[in-house]
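Given only the sequences and the hints, what does the whole structure look like? Please build it.
Protein sequence lines correspond, in order, to chains A and B. If you read the first sequence in this note's numbering, its first letter stands for residue 2, the second for the next number, and so on. If you read the second sequence in this note's numbering, its first letter stands for residue 108, the second for the next number, and so on.
Accuracy of the hints is not assured; some may be wrong.
[Stated by the list, open to error] Here are the simulated DSS-like pairs of lysine-lysine, each with C-alpha atoms no more than 30 Å apart in a straight line:
1. A/K39 - A/K4
2. B/K187 - A/K17
3. B/K186 - A/K17
4. A/K109 - A/K39
5. A/K4 - A/K109
If you are wondering where the hints come from, they were derived from the structure by calculation, not from laboratory data.
One-letter residues, chain by chain:
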Amino acid sequence: AQKVTQAQTEISVVEKEDVTLDCVYETRDTTYYLFWYKQPPSGELVFLIRRNSFDEQNEISGRYSWNFQKSTSSFNFTITASQVVDSAVYFCALSDLNQAGTALIFGKGTTLSVSS
Amino acid sequence: SQTIHQWPATLVQPVGSPLSLECTVEGTSNPNLYWYRQAAGRGLQLLFYSVGIGQISSEVPQNLSASRPQDRQFILSSKKLLLSDSGFYLCAWSDGNRYGYTFGSGTRLTVV
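Structure (structure tokens):
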């Protein structure tokens, strides 16, 4: 069965610190997609990144970077030089062919608090 | 461009009252539609999904039901709300190829 685990429930850092959010997934499919979403206090889900299972290249977008390792079934997210505006709940999610309706399966989220 | 509308934004309902949350998508046809619920301090749980008009699949047995009367309309309902139905409800759509999932702005439901 598909499963996404975000073991870190809450993380607190001080501005300018680097922080890594962990994500471990389980799937029997060989073709799958991984996502990260940000949920600010207002509640809406903001799409951050989509990665398919055949692309293991790490990606960097400004202060954000993602490390995808199929060998360990992990898709970790690092924020460099964190800012107060990064405070939010971050969700990792998985979509594979075994999930009927191709629905996204989410982890339980990691609440990131960045203080000034 | 495609847009998704979800309403109302907030709702306070007494226990035992009915519920109807509506979600509509514009700018696309035959989308896959989803309802998720986020209980306080918890993750996003898939409640229902639909791959076509009248086709509804339930992921979690509960007090809620869903309907898709039109191609781009998805409704979440309950005949009698329970306290445990409180939460943040999100509607989403995708085109089925898993390229992207777009979420509505959510409805915060409080059952009192």
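Here is what the structure says about each hint:
| no. | hint | verdict |
| --- | --- | --- |
| 1 | A/K39 - A/K4 | holds (19 Å) |
| 2 | B/K187 - A/K17 | violated (49 Å) |
| 3 | B/K186 - A/K17 | violated (50 Å) |
| 4 | A/K109 - A/K39 | holds (12 Å) |
| 5 | A/K4 - A/K109 | holds (10 Å) |
Hint check: violations occur at hints 2 and 3; the rest are consistent with the structure.
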